[in-house]
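Take the given structure of chain A and dock chain B to it, following the hints.
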Amino acid sequence: MRFNLKFVKEFLNFPLEPSRVAEALTFAGMEVESLIREGDDWIFEAEVTPNRYDWLSIIGVAREIAAVSGKQIQLTYPHLIQKPLLEEREIFIEDVWGCPYYTARSIKGVQICPGGEFKDMLSGCGLNSVNNIVDITNYCMFKWGNPLHAFDEDKLKGNIYIRKAKNKEEFRGIDDKVYSLTPENLVIADEEKIVALAGVMGAKNSEVDEYTKNIFLEGAIFSSVAIRHSRRRAGLDTESSYRFERLVSAKNLEYASQEAADLIKKYGEGDFSGFKSAGRRPQEEGKKIYMNLSSLDEYMGIECSAERAGSILNSLGFEIINKNKGEFEVKSPFWRLDIDNVVDIYEEVGRIFGYNNIPPRIPFTDRTNMRKSFIYGKGKMFEFKNELRRFLSLLSFNEIMTYSLEDKEEMRVLGQEDVIEIINPLRSQENCLRPTLLSGMMKTVKHNLNYNQKGVGFFEIADIYSKAKTGYSEMPALSMGIAGGPEDAFLLKGAIEEILKYLNVGSYYLEEGKIENFDNALTVFVENNPAGFMGKLNEKIKRYFGLKENLYYSQLGIKILAENKKEKKYTPFSLYPLVYQDISIALSKDISFKAIKDIVTGEGKYIRGLEIVDTYRGKDIPSDYNAFTLRIFYQSERKTLTSQEVESFHKQIRNKLDKKKGVILR
Amino acid sequence: MEKEIERIKNRFYRDCADIKDISGAEEIRIRYLGRKTELNTLFSKIPTLPASQRGSWGRRLNVLKEEIARRLEEKINAISDKESKIDLTFPARRPPKGSIHVLSSVNRKICEIFKNLGFSVVEGDEIADEWHNFESLNIPAEHPSRDVFDTFYLDIPAGSGGKYLLRSHTSTVQGWVMKNVKPPFAVISPGRVYRPDEVDATHSFMFNQIEGFVVDKEINFSHLKGVLLEFAREFYSPDIELRFRPHFFPFTEPSAEVDISCMMCKDKETQAGGKTCSVCKGKGWIEVLGCGMIHPHVFNACGIDPSRYRGFAFGMGIDRIAMLKYSINDIRFFYSNDIRFLNQFPV
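Quick note, the sequences are listed as chains A and B, same order. Each residue of the first sequence is one higher than the one before, counting from 386 in my numbering. Each residue of the second sequence is one higher than the one before, counting from 33 in my numbering.
One chain only, chain A, in its complex shape (with noise of 0.2 Å):
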């Protein structure tokens, strides 16, 4: 809310530094955001919170800035005319709901004429100058907190009715727009028009200009409900519709609306000439609460005196009723509609006490019930993860944070037609959630092979989300990506094999088998389940999602790897020598290596590992065969192996390879 020092001055006869003002009002809780001089003014903008509507008005800040400074506000309540009856038109409340109670002063023979009198206190809250009536209006408005419209009452054709719009029925405001309203819409309707939008503008048909002679003043309680729906319904915050919305008081009304009438009597020259009120005014008592000194102090942490905590509430506008042995009844205020709880009281006498006069302490929170819990178990997910994340990062690959919302069309084209909707989307972009943390890998490796980044290996961990046959699924997978060459290929291989080994999952096995999207693909098994893949993405999906360079991608469920995670052990390794022999071999691409592997590793305990150390390419090696070098470790874990015994094993696995067909040795 923004208000000026001036118009707060009114109701304050002590003097004011601004800045201090500001200070005082950020730490009871009205965030000063800006104050800026105009002139011989000050200007505040200020965040109101939701539950301070009172706050809305000049004399609540004035009350808050009294309640700070130990003073009291200067203000005087208009005596409250009633009479004579207004009697050439009734007003009917149609709905009852959407507007509790209303009321209508009549105001005969004004002269309107330019505003002047309000003009700084108006541009001081940001509101510009109109005419003499409308200034009023907008004065009392921002002096009390409660909204007031005037209508030129001529252009009021017969009774007064507050209902809700026809569907399509059409309004043109005092902003001059046409708005096509619906029955969310509460309005004020004559015999024959729309003549405002209940609570948030009037309209163009019944406005007060240069050649008006007669005033209605409405003011009203609309439900704060009804006017958020309908001012969102058409597209419009106003002044007006911003305090509905957050409550007005109905005692307050009374004392706007009356003063709005006795300036206009003044500064418009006219003569009040009628009172009519339809429905019932809300009864507004403050609430009674008791509250025990003892829990004031156990709830916030402080010592303070009765003395105090009264002198607190009392600034505030709160009466003590009665006062027993560390006990108050404390009756808030008839502004103070938000007061409901004891907590509420607390809060009251903490901010003012000072939240920063409360010393630090540090609690001990017994773990027991926590830790036996099924939560506290699913909490443990938040570290494995970690876990994960540092140990990809010691595997050089970059954790990488992509969005959880995508385009549906493009979860469609990898195949995935029953996403989770997004109801309300912003964008087309973001209108489901990922099923598969696919395409943020395939953004992130696209956006940097922008930059020329090459071979880089990226990774994520992150929900996947999917319908269940009732409600959801969000599960946690890892995603890891390469673009690159067949040697990335490999490394990914690898980087799957070091992750299940350092989590010692006990067996695991990679076998190729069809995984939609990609070629080349190999699924992953855990415990002899399937707890993931990796492969080679496809080329109509890299075609589609313009990527240039191959991507090997794979993708493992973060539960399953979890679940399977042992602790390690220490194994005991060989004292003896390694040592190893090389053979060269060229292997039909009809024979998978896989066949190598199993004469080699057939061949008994000596037998420690295999690599490939060397490919070759070249005219005497048939374009149907991989020609590589092959490095066989043999290692005995009692004894040094002596040359013979290696030169003796190796030559059985030579003379087995050279038996196998599809084999050529060098």
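Keep in mind the hints are simulated off the structure, nothing from the lab. Source: prediction; values computed, not measured. Be careful, since some hints might not be right.
[Claimed, not checked] As a list, the in silico DMTMM-like pairs of lysine to aspartate or glutamate whose alpha-carbon atoms are at most 25 Å apart:
#	chain 1	residue 1	chain 2	residue 2
1	B	Lys211	B	Glu162
2	B	Lys147	A	Glu952
3	B	Lys315	A	Glu408
4	B	Lys129	A	Glu883
Same frame as chain A, now just chain B:
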């Protein structure tokens, strides 16, 4: 004898100067210090000399032998220095390195601090229902306080907790934990949250939050202050100050917003330079989180008796905290995953 010595000496100096490499040096060593050398021939003549001269000639020959050995060693050292010298002004080779996303590390660091204060880490689903996101948190359907919680709704058939949505804050875990665990508990819960905000330098429809709350019999506002102060001093720096401003959140009462003293301009020198600090806009304070004592309505909704238990809760935006800590000026860097951004934060 005198002449012989001088001749060997001079010839050695000449030969030594000509040495080019280690093998050349070896050749010279054999020539002068080997078994069959002129020097050894001279040594063998000593017994033929008069007894009175033997001592002094012996000493002179030994001096020469030592001189040759010393010079040769120097030469060899000089050569090997030259041969093995590498030019370390050539560029370094980069050991391969990976990285952890800066938001993940900030999440981990923060959770670590709270774990040390006795909190347990809990992770809730990002998909939530209206009960967890709103009702349980005392945010009624038709209240302006819901405005700041605009939410993405999902096409999953509504369940007993109302419509399904993407949680707009991590406070959803409050109801989940309170309904399932008997107090006391202290919980810290990080995760992704979603709000329909257009993306710009400071807004994103997806971002990260951390929620914390403690429920026990004797919890009070000063505990909230103590825990947050401890966190801030551990996370930022030991001399950081906190400022609590009264605020409003439907799920806490009393509520506060917390500012930290600006770490950018705590050095007053920089302020004296006449420039306004771009981080705190010259205010000296930066808003970092919201907090308060858990509202009795929340306890009631979750089946905890507010006359027996009290609690506090707080929530903070991790993106914002990381932006402040690392001077990152655009939230979009977190989600565009440029390698030049990622590898600035290896862990």
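When you check the alpha-carbon spacing of lysine 129 of chain B and glutamate 883 of chain A, does it fall within 25 Å? Given that 25 Å is the threshold and the Cα spacing comes to 16 Å, the pair holds.
Within 25 Å, alpha carbon to alpha carbon, are lysine 147 of chain B and glutamate 952 of chain A? holds (22 Å)
Given the proposed pairing of lysine 315 of chain B with glutamate 408 of chain A, does the C-alpha separation stay at or below 25 Å? The hint holds at about 12 Å.
Please work out if lysine 211 of chain B and glutamate 162 of chain B have their alpha carbons no farther apart than 25 Å. holds (15 Å)
Checked against the numbered hints given earlier, this structure breaks none of them.
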